Amino acid sequence: MAKKIAASFGLLCALAGAFAPVGVFAQEDEFVPETLTAKAEMDPGPNVFVSVQNWGGGPSVAVIFSADDLHRKGSVSGGSQSHFTLSADGKTAYMASGYYPRYDSGEGEHVLQVFDVATNALTKEILLPYKLAQYTDDLSLLQLSADEKFAFIQNATPATSVTVVDLTTGEVAQEVPSPGCFGIYPMRSALGFSAICNDGAFTTYTLSEDGKTFQSQKSETIFDPDADPIYLSADRADGDLLFISYHANVYRLSDTDGVITKVSVTPIAEGVDGNWGTSGYTVVSYNDANGVLFVPMHSEHHDGSHYHGSEEVWAYDLKKNELLYRSPLADLVAIQVTDGEDPELYGFSLKDGKVYKYDVDPTARFAAKKVAEHAVEGFATTLLVSP
Amino acid sequence: MAKKIAASFGLLCALAGAFAPVGVFAQEDEFVPETLTAKAEMDPGPNVFVSVQNWGGGPSVAVIFSADDLHRKGSVSGGSQSHFTLSADGKTAYMASGYYPRYDSGEGEHVLQVFDVATNALTKEILLPYKLAQYTDDLSLLQLSADEKFAFIQNATPATSVTVVDLTTGEVAQEVPSPGCFGIYPMRSALGFSAICNDGAFTTYTLSEDGKTFQSQKSETIFDPDADPIYLSADRADGDLLFISYHANVYRLSDTDGVITKVSVTPIAEGVDGNWGTSGYTVVSYNDANGVLFVPMHSEHHDGSHYHGSEEVWAYDLKKNELLYRSPLADLVAIQVTDGEDPELYGFSLKDGKVYKYDVDPTARFAAKKVAEHAVEGFATTLLVSP
Amino acid sequence: MAKMIDMLLEWMDTAAEDRARGIAKTSGRRSFLQKAGLALVGGVVLPMLPYDNSNGQAFARGLGEPDELPEDCEYWRYCSLHGSLCSQCGGSVTQCPPGSTPSKVAWVGTCRNPNDDKDYLVSYNDCCGKGGGCGDGCSRQEGDRPGYRYGLASESSWCLANTDRGIHCTVAIVVGLAE
Amino acid sequence: MAKMIDMLLEWMDTAAEDRARGIAKTSGRRSFLQKAGLALVGGVVLPMLPYDNSNGQAFARGLGEPDELPEDCEYWRYCSLHGSLCSQCGGSVTQCPPGSTPSKVAWVGTCRNPNDDKDYLVSYNDCCGKGGGCGDGCSRQEGDRPGYRYGLASESSWCLANTDRGIHCTVAIVVGLAE
Numbered sequence: 029m030a031k032k033i034a035a036s037f038g039l040l041c042a043l044a045g046a047f048a049p050v051g052v053f054a055q056e057d058e059f060v061p062e063t064l065t066a067k068a069e070m071d072p073g074p075n076v077f078v079s080v081q082n083w084g085g086g087p088s089v090a091v092i093f094s095a096d097d098l099h100r101k102g103s104v105s106g107g108s109q110s111h112f113t114l115s116a117d118g119k120t121a122y123m124a125s126g127y128y129p130r131y132d133s134g135e136g137e138h139v140l141q142v143f144d145v146a147t148n149a150l151t152k153e154i155l156l157p158y159k160l161a162q163y164t165d166d167l168s169l170l171q172l173s174a175d176e177k178f179a180f181i182q183n184a185t186p187a188t189s190v191t192v193v194d195l196t197t198g199e200v201a202q203e204v205p206s207p208g209c210f211g212i213y214p215m216r217s218a219l220g221f222s223a224i225c226n227d228g229a230f231t232t233y234t235l236s237e238d239g240k241t242f243q244s245q246k247s248e249t250i251f252d253p254d255a256d257p258i259y260l261s262a263d264r265a266d267g268d269l270l271f272i273s274y275h276a277n278v279y280r281l282s283d284t285d286g287v288i289t290k291v292s293v294t295p296i297a298e299g300v301d302g303n304w305g306t307s308g309y310t311v312v313s314y315n316d317a318n319g320v321l322f323v324p325m326h327s328e329h330h331d332g333s334h335y336h337g338s339e340e341v342w343a344y345d346l347k348k349n350e351l352l353y354r355s356p357l358a359d360l361v362a363i364q365v366t367d368g369e370d371p372e373l374y375g376f377s378l379k380d381g382k383v384y385k386y387d388v389d390p391t392a393r394f395a396a397k398k399v400a401e402h403a404v405e406g407f408a409t410t411l412l413v414s415p
Numbered sequence: 029m030a031k032k033i034a035a036s037f038g039l040l041c042a043l044a045g046a047f048a049p050v051g052v053f054a055q056e057d058e059f060v061p062e063t064l065t066a067k068a069e070m071d072p073g074p075n076v077f078v079s080v081q082n083w084g085g086g087p088s089v090a091v092i093f094s095a096d097d098l099h100r101k102g103s104v105s106g107g108s109q110s111h112f113t114l115s116a117d118g119k120t121a122y123m124a125s126g127y128y129p130r131y132d133s134g135e136g137e138h139v140l141q142v143f144d145v146a147t148n149a150l151t152k153e154i155l156l157p158y159k160l161a162q163y164t165d166d167l168s169l170l171q172l173s174a175d176e177k178f179a180f181i182q183n184a185t186p187a188t189s190v191t192v193v194d195l196t197t198g199e200v201a202q203e204v205p206s207p208g209c210f211g212i213y214p215m216r217s218a219l220g221f222s223a224i225c226n227d228g229a230f231t232t233y234t235l236s237e238d239g240k241t242f243q244s245q246k247s248e249t250i251f252d253p254d255a256d257p258i259y260l261s262a263d264r265a266d267g268d269l270l271f272i273s274y275h276a277n278v279y280r281l282s283d284t285d286g287v288i289t290k291v292s293v294t295p296i297a298e299g300v301d302g303n304w305g306t307s308g309y310t311v312v313s314y315n316d317a318n319g320v321l322f323v324p325m326h327s328e329h330h331d332g333s334h335y336h337g338s339e340e341v342w343a344y345d346l347k348k349n350e351l352l353y354r355s356p357l358a359d360l361v362a363i364q365v366t367d368g369e370d371p372e373l374y375g376f377s378l379k380d381g382k383v384y385k386y387d388v389d390p391t392a393r394f395a396a397k398k399v400a401e402h403a404v405e406g407f408a409t410t411l412l413v414s415p
Numbered sequence: 110m111a112k113m114i115d116m117l118l119e120w121m122d123t124a125a126e127d128r129a130r131g132i133a134k135t136s137g138r139r140s141f142l143q144k145a146g147l148a149l150v151g152g153v154v155l156p157m158l159p160y161d162n163s164n165g166q167a168f169a170r171g172l173g174e175p176d177e178l179p180e181d182c183e184y185w186r187y188c189s190l191h192g193s194l195c196s197q198c199g200g201s202v203t204q205c206p207p208g209s210t211p212s213k214v215a216w217v218g219t220c221r222n223p224n225d226d227k228d229y230l231v232s233y234n235d236c237c238g239k240g241g242g243c244g245d246g247c248s249r250q251e252g253d254r255p256g257y258r259y260g261l262a263s264e265s266s267w268c269l270a271n272t273d274r275g276i277h278c279t280v281a282i283v284v285g286l287a288e
Numbered sequence: 110m111a112k113m114i115d116m117l118l119e120w121m122d123t124a125a126e127d128r129a130r131g132i133a134k135t136s137g138r139r140s141f142l143q144k145a146g147l148a149l150v151g152g153v154v155l156p157m158l159p160y161d162n163s164n165g166q167a168f169a170r171g172l173g174e175p176d177e178l179p180e181d182c183e184y185w186r187y188c189s190l191h192g193s194l195c196s197q198c199g200g201s202v203t204q205c206p207p208g209s210t211p212s213k214v215a216w217v218g219t220c221r222n223p224n225d226d227k228d229y230l231v232s233y234n235d236c237c238g239k240g241g242g243c244g245d246g247c248s249r250q251e252g253d254r255p256g257y258r259y260g261l262a263s264e265s266s267w268c269l270a271n272t273d274r275g276i277h278c279t280v281a282i283v284v285g286l287a288e
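Protein chains in written order, with my numbering: chain A, 29 to 415; chain B, 29 to 415; chain C, 110 to 288; chain D, 110 to 288.
Everything labelled a hint here was simulated from the structure, so no lab data went into it.
Since we're looking at a predicted model, the values are computed, not measured.
The beta carbon of each residue, even a glycine, is placed where N, CA and C say it ideally should be.
Keep in mind that the hints are not guaranteed to be accurate.
[Stated by the list, open to error] Calculated cross-link-like contacts (lysine to any residue; reagent style SDA-like; alpha-carbon spacing at most 20 Å): (1) K379(B) - K227(D); (2) K240(B) - D175(B); (3) K379(B) - K227(C); (4) K382(B) - P74(B); (5) K227(C) - D331(A); (6) K177(B) - T151(B); (7) K347(B) - A392(B); (8) K379(B) - C182(D); (9) K227(C) - K240(B); (10) K379(A) - K227(C); (11) K347(A) - V293(A); (12) K382(A) - D245(D); (13) K382(B) - K177(B); (14) K379(B) - C247(C); (15) K290(A) - Q245(A); (16) K379(B) - K347(B).
[To be verified] Simulated restraints on C-beta separations: (17) A149(A) - E183(D): 29 to 37 Å; (18) E401(A) - D380(B): 45 to 53 Å; (19) A149(A) - D181(D): 52 to 60 Å; (20) D176(D) - Q243(B): 45 to 53 Å.
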C-alpha cells in the first residue's frame, strides 16, 4: 500500500520543495518579505455603531465606523437577534444575544457579552436566563444603570420580565417580572428603570443597592395605546424622558420621583399638511445644547406604516415648540444626533443598506446635509454615537 | 410588593379575558375557526434542488422546487458550508456541513445528515471527523457509492483525505488519505472512487467490501494543471466520466479498470471566434438519450475568469463532435440537463439569485428557451434534478 | 374557558410565571375588557393537528373565500402580517411547510374580509425549526403595537416559545369573528 | 529550510498526516520542482507577529509602492484574490482588523508589480474569528486552481486550520520574488 500512496504524494512534496527556486527568505538584498499581523487597536476618535441583528441563525454584528468620515474601523460580533448598548464613554460595548448550536433547531443559550471597544475584544461573558426577547433591536431592550454597575435586559417568553445583571460580579442579580410591560428606561437618580405597560401607564422598578430585590410603582395613564401608541424609542432632554407616538405626538415624562409623570405632550405635526407621522424604529433623538428634537417622518401615514422609512427628518425646537426645518432625508429608519452646539446627525437606511452622516447647520434652522456614507450589510434598526 | 405588582398585571389578564366578547370557539353557526397544521409531505413529482451554502456561520439550505414549474415545495437545512447530494431515486438527500456553537469562533462539529425528501425530515445524523472541506460547494465533494451503501466526503485541513461513511451502520468506516488529490468520482462497477491529483494524474481508491480498507492506483498523466486545468465538475456519458477544462476541452475518461484512462479530449470551442472558455462551477451536464453535452460558456476568457457567469450555454454533440447550438443564457454558474429524449435544462444564476428552467428542442439543434424561474436567496454553485 | 386560560398561561414561566398566575387567579379578569378590547387577544394557543394532508383546503369555512387563495401581501387576511408567506415556501395560507413546526404562540390582527364585509381575528403563527429565507416578505402590520402589547407585536419572533427557534415563514389562521 | 518544511507539514494531521510525513521524508523532494514549479508554493506558513501597531506601514519594503495603497480590487497584489478587502474592514492590506486572527495557512498567487515590473509571490490569508461581511468582494482569481492544487485554491476557506473558523476578510502579503 505504501508504494501506491507514494505514487500520489504530489502536492505535499512539491510544497516542500518549491521553496528552493523562489525567493522566499532567500538572499535577496533588496526584498524583505512582509509580515502578517492583526491590528492591535482601532484608531482613536469618536465612533458610530450600527447594530446589525442576525435573524437567520448566525452571528449579529455591531459595526464600528469613524464618526468623522464613516470609514469602517472594526466590529464586534455575538449571537443571533442581538441587542446592543454602549458605556457613556464609548469604551465598552455590551451585546445580549442567543447562540443556538444547531442554528435553526434545538436548544440554545442567551448571553450578555462585554467588549473592549478599542481592541474589539470580548472581555466578559455572562450566561443569562434563556428568555431573551427575540425582538427587532431597540435600544430600550438592553440598558445600563446610571452608574453602569448593572445591565438591564428585556426578556419575553412571551411573558415579559427583565434580567438584572451585576456587572461587577458578573452574575445575574435577579429577574424582575414585568407582565404586560416592555422597554427599559433606566432612572438617572436611582438604581432602577421604568417600562411602558399595555394600558398606557408606565411601571417604575426601583432596585435595592445590590440589585437583588425591587419595588415597583405604576403611573397614571400616560398615553392611549389604541389611539396614540408610542414607540419604544426614547431619549433624554434635560433629565426628562422623550417618547413619540405613531402620530408624532411627543410625550415628555419625568421619572425623578420614582414613578413616571407626564410633563407635556407636543404634537409636532399639527397644522402641517400631508398627514405626517413618525417613521422608523430609532425615531427620537434630542440635541441637548440647542434643545432640538430630530424625528424621521413620512406623509400620508396610516395604520401599519409606522416602521416605514422616512421621507424627511424634522428638526423641532422643543423649547419654543416650533418646527424648524424639514430636511429631505429619505428611507431612514434610525437616527442619532450628537449633543453639542454644532450637531452631527447620523442615519441608517434599511432600503439602501447604508449609514449616513449629515452636517446640521444651527444658523440655517438645523437643516441637515449629507457629508458621508458607508455600506452596511444586513438588518439594523438602531445606531449609537460615542465620544 | 404583591400589591405593586398587581397594579401592573395589564396584558396578562386582558388576554385571559378577551376571549369572552369575541367569537373564538363561540356559538357561531356559520363560522368554524381554522386550524393550524404543518403539511405532512411535499406534493409528488420530480424536483430540482438548489444547494445554498451558508458562509456566514448559519444554516445552509437545499431548496426544493417542482421540476415542472419551479414552484417552491420545501427545503432541508443543515450547518455551515454544506455539501449536498441525492440518492438516484431522489427520495433521500444527504448534506455534510459544520455546526459551530459560537458561530464565528471556537470549536464545532462536522456531520453528515440524511433527510427523507418527501417529508423534509432529518432521519439520521452521523458525526464526521472534524476535517470537512470548507470549500465552495461542488457535487464532487459529497458522493454516494454506486450501491448507495457508502458516502464519500471530501476533507481538507488543508491536507486532503476522504471520509468513508457506512450508511447501513451509520458509522465512519475509514479516512482515506489522498494528499495532493481532490474531488470524489465514485466507480460504477466497484466500491471506490477516483480523485484528481495535483500533477494532472488521477488516483483511484478501491475499497474493501466493508469500506474499511483501500488500495489505490495512480493513472498516467491525464491533463496539464498549468496549461489546461480542469474543473471539479463532472458527469457520466455511457459509463465514462466527462470533465472540462477552463479552456473548454472535454476530457472523456474511463474508470472501468480500477484506474483512470483517457478515452478522448475534445476541444469544443476550437474554431469558434471570440476566445470562448468555460464559465461557472457546475459546468458539465450530459443528456444521455441524445449524447449531447451542455456547457455554460463566456467569450474573451482569461486567467481568473473561469468562475464568471455564462454568456451562452452550448449544446455539443459528443457523438458527432459537433457544436449544435449556442443559447444566449446569461449569468449562469451551474446547469443540469435531464437525460431523456426531450431534455429539460435547469440553470442557476448567482447574479440574479434565481433558478431557471429551459425547454430544449431536439428538433432545433437543442436550442434552449426559458419557461420558468424562481428566486433563490443566498450563495449556490450546484443544483440537482431528481426523478 | 378555564382550560383556554390555562393554555394562555403557558406563556408564563418560573418566578414571573408563578407571581403572574397568582395575579390572574385573584384579580378581576374582566375589568380590562372594555378598554383592552379585541386588541389584546394575542398569544392565543390554537388547536393544532400534528399533521394535515388536506393541502390547506381545510380553511375558510364560512369566509366566502375563492377556491384559490391569493399569494400576495395584499390578501385581506395578511393585514397585520410581518414575515414571509408560507404559501410560497411549500406550505399554504394555513399550513407550515413540511418539516417545520407551527409556533405555539402568535400575534393577532383584526382584518376585514371583503367577501362578507366582516372583521375577523387572524392569528399569525411563525413556522419554526427550519433555516433559510423563503417567500415574499410582507410588512403590512396593521394594528401592530410594540412589546407592551405583546399579543399584537409583529416585531417579535413567535418561535420564541418553541424548542426550535429558527423562523422560516408565517401563516395566517382565521380564529374568530371580531364582532 | 527543514524548519520551514516542518511548518508546512503542520497542514497534515492524524493518519493522513503520519503517512504523508513519511512520504515527504523518504521521497526525492526536488524531483517535482520542474513540473510543479511556482504554482505549488501554496500553504506557506508565514512568520507572524502577534500584534502590530504600525498601521500597516510595515509592508512594501523594496516594492516601490506608493505611500497610500489602493483600496480597490484592481490593485496589483490582489491578482488572485477571492474575498473581501481587510483594508475596508478596519485592517490594512497586510493587517487583519482588530479582534480577528490571521489564518495559519493561505493560498498563494503570483502577481506582477507594475512599480518594478517584477513578479511576486503573494500570500492570501483570511482573517478569522469574526462574524459578518465587510468590504468590497474581489474575485480576480488569477492562477486559481481547484482543490487538487490546494495551495492555489481561492475557493477554500483559509480559516480551516484555525480554531476560530469565521471568515471576515482577506489580506495580501508579499512573501517572495517569483523569479
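So, going through the hints one by one against the coordinates:
no.	hint	verdict
1	K379(B) - K227(D)	violated, 35 Å
2	K240(B) - D175(B)	holds, 16 Å
3	K379(B) - K227(C)	violated, 45 Å
4	K382(B) - P74(B)	holds, 19 Å
5	K227(C) - D331(A)	holds, 18 Å
6	K177(B) - T151(B)	holds, 16 Å
7	K347(B) - A392(B)	holds, 17 Å
8	K379(B) - C182(D)	holds, 18 Å
9	K227(C) - K240(B)	violated, 68 Å
10	K379(A) - K227(C)	violated, 35 Å
11	K347(A) - V293(A)	holds, 13 Å
12	K382(A) - D245(D)	holds, 14 Å
13	K382(B) - K177(B)	violated, 34 Å
14	K379(B) - C247(C)	violated, 24 Å
15	K290(A) - Q245(A)	holds, 15 Å
16	K379(B) - K347(B)	violated, 33 Å
17	A149(A) - E183(D): 29 to 37 Å	holds, 34 Å
18	E401(A) - D380(B): 45 to 53 Å	violated, 26 Å
19	A149(A) - D181(D): 52 to 60 Å	violated, 30 Å
20	D176(D) - Q243(B): 45 to 53 Å	violated, 59 Å
Hint check: violations occur at hints 1, 3, 9, 10, 13, 14, 16, 18, 19, 20; the rest are consistent with the structure.
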